[in-house]
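Let the hints inform the model, and build the full structure from the sequences given.
Spelled out from the first residue to the last, the chains are:
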Amino acid sequence: MPADDHAHDHGSELSEMQLRVRALETILTEKGYVDPAALDQIVENVETRIGPHIGSRVVARAWADPEFKRRLLADATEAVNSVAEFDPVGAHLIAVENTPQTHNVVVCTLCSCYPWPVLGLPPVWYKSAPYRSRTVIDPKGVLAEFGVALPAGTDIRIWDSTAETRFLVVPMRPAGTEGWSEEALAALVTRDSMVGTGLPKSPEANSPGAL
Amino acid sequence: MTNSIHDMGGMHGFGPVEIEPDEPQFHADWEKRVVAMMRGMGATGQWTLDGFRASMENLPPLTYLSVSYFERWCRGLERQVVAHGLVGEDELTAGRALRPGIRLNRKLTLDDVNKGGVRTFERPAPAPARFKAGDSVRTRNINPTTHTRLPRYARGKLGTVEVVRGCHVFPDSAALGAGDNPQWLYAVVFAGRELWGEEADPSIMVSIEAFEPYLMPA
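Here the protein sequences line up with chains C and E, keeping their order. Number 56 in the working numbering belongs to position 56 of the first sequence; there are no gaps in the numbering. Number 218 in the working numbering belongs to position 218 of the second sequence; there are no gaps in the numbering.
Take the hints with a grain of salt, since some may be wrong.
Pairwise CB distance ranges, derived in the manner of DEER restraints [claimed, not checked]:
| hint | chain 1 | residue 1 | chain 2 | residue 2 | range |
| --- | --- | --- | --- | --- | --- |
| 1 | C | 70 | E | 118 | 20 to 26 Å |
| 2 | C | 78 | E | 89 | 27 to 33 Å |
| 3 | E | 88 | C | 201 | 49 to 55 Å |
| 4 | E | 201 | C | 36 | 40 to 46 Å |
Straight line, CA to CA, 27 Å or less: simulated DSS-like cross-link-like pairs of lysine-lysine [claimed, not checked]:
| hint | chain 1 | residue 1 | chain 2 | residue 2 |
| --- | --- | --- | --- | --- |
| 5 | E | 32 | C | 127 |
| 6 | E | 32 | C | 31 |
| 7 | C | 140 | C | 127 |
| 8 | C | 31 | E | 132 |
To be clear, the hints were calculated from the coordinates, so they are not data collected in a lab. Beta carbons: idealized from backbone N, C-alpha and C, even for Gly.
Laid out in structure tokens, this is it:
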């Protein structure tokens with residue numbers, strides 16, 4: 001079964017789906033329900049405006065600016081929307097902070113809810129049956145498949161996105177990054193580290209002076 | 001349907017998580033058009049987001065599991081436009097419009113997309129919140145045949161209210177086209193052992209976002 005899922009998810013029925021989707025768009029356009037120019041702009045926005053680069057900058061700002069971090073953890077929507085360089089995000093964004101005691105992981109067991117404005121489209125694995133089924137019952141097993149092993153004694157907190165609230169994990173700032181710029185810090189913040197299935201990149205290999 | 005295949009939390013047997021290195025946002029161009037149509041048709045107000053979720057949850061389980069994520073969206077969209085009388089089955093078969101469209105009150109324009117806008121699901125509260133942070137609660141054991149956002153694994157379980165989120169559109173009503181019916185929303189956290197039994201890992205905590213009608217005092 002996983003092999004089949006994989007093939008499907010990667011477009012083995014591309015031509016059939018291409019025809020099916022084109023037919024639907026033709027009908028909706030001919031009947032006057034959608035404006036193709038508006039649809040084109042939606043696609044362009046999704047492809048160019050949103051993505052994990054937004055979340056990385058938000059996390060880096062939180063690492064560098066304690067007051068921003070306080071606001072982010074209190075009301076992430078308000079905090080992100082207060083920064084002029086960031087595109088406004090929808091209501092109900094919630095930032096959850098990793099600590100030495102607790103590691104946070106985000107899932108949507110019922111569908112695929114994900115913080116699009118700050119992380120972009122969810123990866124296929126996030127929407128897949130293995131991740132959705134096992135994260136709430138065997139998070140350590142799931143994290144091991146991502147190559148993440150937490151120190152003994154770390155509690156794991158799973159956030160199941162069952163309403164319109166959306167979760168952004170704020171990973172722990174790596175040691176050895178004192179004095180780094182926000183840009184340099186943002187380069188350490190991976191998408192997976194903001195879902196909880198990864199950790200930030202190591203500063204040794206990614207320091208601003210390193211090749 | 002509530003007790004359907006989409007409600008996967010805690011199931012075994014789906015195998016390991018398959019991680020694709022350097023995964024692109026889309027794997028085919030048609031996926032982009034599905035996302036755009038979903039947004040465009042959603043903006044017409046003919047159905048709610050939860051109505052759309054319900055249309056995918058109602059796919060036959062074997063179909064749900066065997067088609068890709070965006071194909072599921074495509075099929076959900078086809079079901080919605082037919083169910084709401086916007087498109088005929090004969091038109092889907094023909095691949096073109098056979099009749100003029102019905103008049104819709106709203107249509108998403110390029111201007112709307114450019115303006116963006118921030119969507120909220122919070123609504124004025126019709127009554128004070130019944131619970132506060134720190135309260136012990138037990139989730140109800142409900143099995144409605146219509147849409148709900150209380151997952152099976154978290155029914156009839158003892159948990160603690162951690163945060164009061166505000167009063168939000170109630171998905172169980174909105175999915176049926178029965179209006180917003182605003183309800184208080186809470187983050188409710190459960191010990192892993194409460195959900196999965198005494199042999200479960202004691203270091204695990206799981207929270208759901210639970211609407212007040214899902215909860216009883218405990």
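| Which of the numbered hints above does this structure break? | Violated hints: 2, 4, 8; rest satisfied.
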